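*Asks:* Turn these sequences into a full structure, and let the hints steer you where they fit.
Going down the list, the sequences are from chains A and B.
The C-terminal residue of the first sequence carries number 457 in our numbering, and the numbering is unbroken.
The C-terminal residue of the second sequence carries number 457 in our numbering, and the numbering is unbroken.
These aren't lab readings, by the way, just hints derived from the structure by calculation.
All figures in this text were calculated on a predicted structure; none of them were measured in a lab.
Heads up, some of the hints might be wrong.
Because identical chains share one entry, a pair is satisfied inside a single copy or across any pair of copies.
Said to hold, decoys possible - No farther apart than 27 Å at their CA atoms in a straight line, the calculated lysine-lysine pairs in the DSSO-like style are these:
1) Lys153 / Lys137
2) Lys161 / Lys137
3) Lys179 / Lys75
4) Lys256 / Lys153
2 protein chains.
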Amino acid sequence: MTNNLVDTRIVDNALEACGVKNMEDATIRDITRVVNSVEATTGTRFIRMEMGVPGLPPPEEGTRAEIKALEAGVAQFYPMLEGDPGLKEEAARFVKNFMDVDVRPEGIIPTVGSMQACFAAFMLVTACRKERDTVLFLDPGFPVQKNQMRVIGKPYAAFDLHDYRGERLGKKIEEYLEGGRVAAILYSNPNNPAWVCLAGEELAMIGELADKHDAIVLEDLAYFGMDARVDLSRPGEPPFQPTVGRYAKNFITIISASKVFSYAGQRLGLACISDALYHRHHDDLQERFGGDGTIGYTFVNRLIYTLSSGTTHSVQHAARAILEAANEGRLDIAERTREYARRARAVKELLLARGFRLVYDQDLGQPLADGFYFTFTDPGTSGGELTRRLLYYGVSAIPLRDAGSTRPGVRACVSRLGLERVGELADRLARFRLDYPPSGEQNGLFTNIP
Amino acid sequence: MTNNLVDTRIVDNALEACGVKNMEDATIRDITRVVNSVEATTGTRFIRMEMGVPGLPPPEEGTRAEIKALEAGVAQFYPMLEGDPGLKEEAARFVKNFMDVDVRPEGIIPTVGSMQACFAAFMLVTACRKERDTVLFLDPGFPVQKNQMRVIGKPYAAFDLHDYRGERLGKKIEEYLEGGRVAAILYSNPNNPAWVCLAGEELAMIGELADKHDAIVLEDLAYFGMDARVDLSRPGEPPFQPTVGRYAKNFITIISASKVFSYAGQRLGLACISDALYHRHHDDLQERFGGDGTIGYTFVNRLIYTLSSGTTHSVQHAARAILEAANEGRLDIAERTREYARRARAVKELLLARGFRLVYDQDLGQPLADGFYFTFTDPGTSGGELTRRLLYYGVSAIPLRDAGSTRPGVRACVSRLGLERVGELADRLARFRLDYPPSGEQNGLFTNIP
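*Replies:* As structure tokens, this is what we get:
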């Protein structure tokens, strides 16, 4: 190996110093620490694709509204636990305009990021009936959600979507539901890390099966509007963000402001509890948390109250202004995220031209959308080993295993990779290939170009 | 009864409509809903003392810094889980300047209000050793903290401080500690609702006993600097905020920005984990939450991460600027809260002159400080009944039982009661006394004037 950009010993030492013993187990935060350290030691600027940090500036509507609210003195006053009424109204309009789903404003609750919404939802759904304590994860997914289940102390089940698309998905889910312990089904759409998007027919299947077996669907829309194949430019007009809300009665859809609105720093999510669920009462829920035992009351007055007493006041004003701008067509959601798709397309083409392959490459026969994340592999190499090798050439990504994927490969995020550095990436991949020629498995290059 | 300000039927109907069946069980939020409804029906403006909402504007240093951070674009970037390094440094200086305690910056973690700090701390301390799952509450206290224990699913024990001050406190605490199930001791200082302040000798006893029995002290400083007898005007000079940190090795002190800095809307607390605790490892903790099993790592990387992924970015900038101003003597902590003490003194004098009595009236022989809250009773009347009767005269407070007090009486908060309305309050109390003359128990008026 002679074409590497960084001394391999420096990389290997940094991995050891950061406590990474088995590369397959390396987490996002491990790789971030390693790259920070190697960059500091060598002065080499990495092409960083390990972390999903929003790479676009936030909408002015948000920061302007937040500044105005601070000037008006909102810092003094406790936020309402259930959220600012104006925000709730605007959010219900947003859900109608961009998802074509009706949820009453009372059921839409701002939270300290999607993270809090998800934590509270997990506590809630696993306590509605004593005998149903398990959440079924459609993997691969965001690993921290599994940590949340561990912190809460409740079990989860999981399977890899890759093997069960279309009709097979319904059968597989029903096997779990028939077991009788599944309280809820969680998935992210598009998902992290694979960028798989469930199709309408799959969402319909999930929704109908959940209703049939009286389970709750937890839909994580962390990447709202970021499937570049679905153009959300026009409020109130199709196409709409695909959602289980069009098919299920019992759902909690969680929208994050972090990615689509680049508002990650301020921590704002919206938990949208379906009308059918909001006033539903469970004796076990009442016994567990007290209060009136309804889902809406428990979420707001027992969980959000005890977790943080609501969501930062000024941020609720920002969210209201951003959603209002989107509802009125002044803020183009699709345009905001097209930049990520352009980057992903450019990087994927480079990788495929150099003999890498996509891991998750299609949704029911359609090529995957270009977006925030994608997954790739160098056939014959494990995800951990590929991660290590890429580091030698100044490129960072994370092994897939952490995200519940059973496949060898890595996840890359294009959020921090401006198009101006694509040439540099091409050069680094070329060097990589000089040292690690393609394996025999790589005949048929380009077959999976999106 | 003829001197009432509000039709008694309207009050009684509102209580029924808001689901209050037993007045003793009425919570803050119940009374708030009832008063909002009665005010809307009758047009009578109540003297509202039921809720502890900060009544002073926030420091300009905070809002200015937050606006500047938003203008610089922090909304885009995830906050660091462990907190902004500058904030951590400034907070450590603050702890030294105003509490005379050394805590390393790494151990000071911003949270989404004291509420989140407390939730995470409860999860943490009850998981360090399997056989120690109980938190001992020194009552009366903030009822939501008991709800937090219920949400977490761990037991608590409690006793009323009123009966155990001084030497007796140590004996009582040791009884619990010797039982072997107490993981931590929680108290608030000054406390809500009684405004009892534990004396230095009592804090020393708590700290020494906790260390001796290897329990952790959770010190809730929700009302930092608000004991008007302790003048915190000068950073780095005595007197200091009384704290167990001067006596104990194993403590987590939680400082809230809500009251002392009127910053409740933005949700900011600081969890200060003692140096001795931060790197302490427990096998059971590691088994429960994974990671490296140390207290600091678990708090930040398992709990704060899964609860909300950190604290709103711009608010961390506000906190840093506020603490810096306090450290440099530009912001006078004592002066900020003297207004509450002036109000409390005026209202207490009125009440005592009309034959009401203070419930919690002294700290080891010293009169209680004037501050945010105080407690009073009308001898011979229960706290619930007194709450109802006061409502007839346009005055709101809450029964003490919700706060874990065994005594008949109510809690009043002066935060929303400007001095300009004291005359009105005098008139309403005079009307009250015409309809409800003092009982025989009320000889010796004025004996407990502070």
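*Asks:* With identical chains treated as interchangeable, where does the CA-CA distance between Lys256 and Lys153 reach 27 Å or less: within a copy, between copies, both, or neither?
*Replies:* Within. Shortest intra-copy distance 25 Å satisfies the 27 Å Cα cut-off; inter-copy 34 Å does not.
*Asks:* Could you place Lys179 and Lys75 in one of the four classes (within, between, both, neither) given a Cα distance threshold of 27 Å?
*Replies:* Neither: 51 Å inside a copy, 52 Å across copies.
*Asks:* 27 Å Cα cut-off: does Lys161 pair with Lys137 within a copy, between copies, both or neither?
*Replies:* For Lys161 and Lys137, the Cα distance is within 27 Å both inside one copy (11 Å) and across copies (17 Å).
*Asks:* Have a look at Lys153 and Lys137 and pick one of within, between, both or neither, based on CA distance no larger than 27 Å.
*Replies:* Both: 20 Å inside a copy, 22 Å across copies.
Checked against the numbered hints listed earlier, the structure breaks hint 3 alone; every other hint is satisfied.
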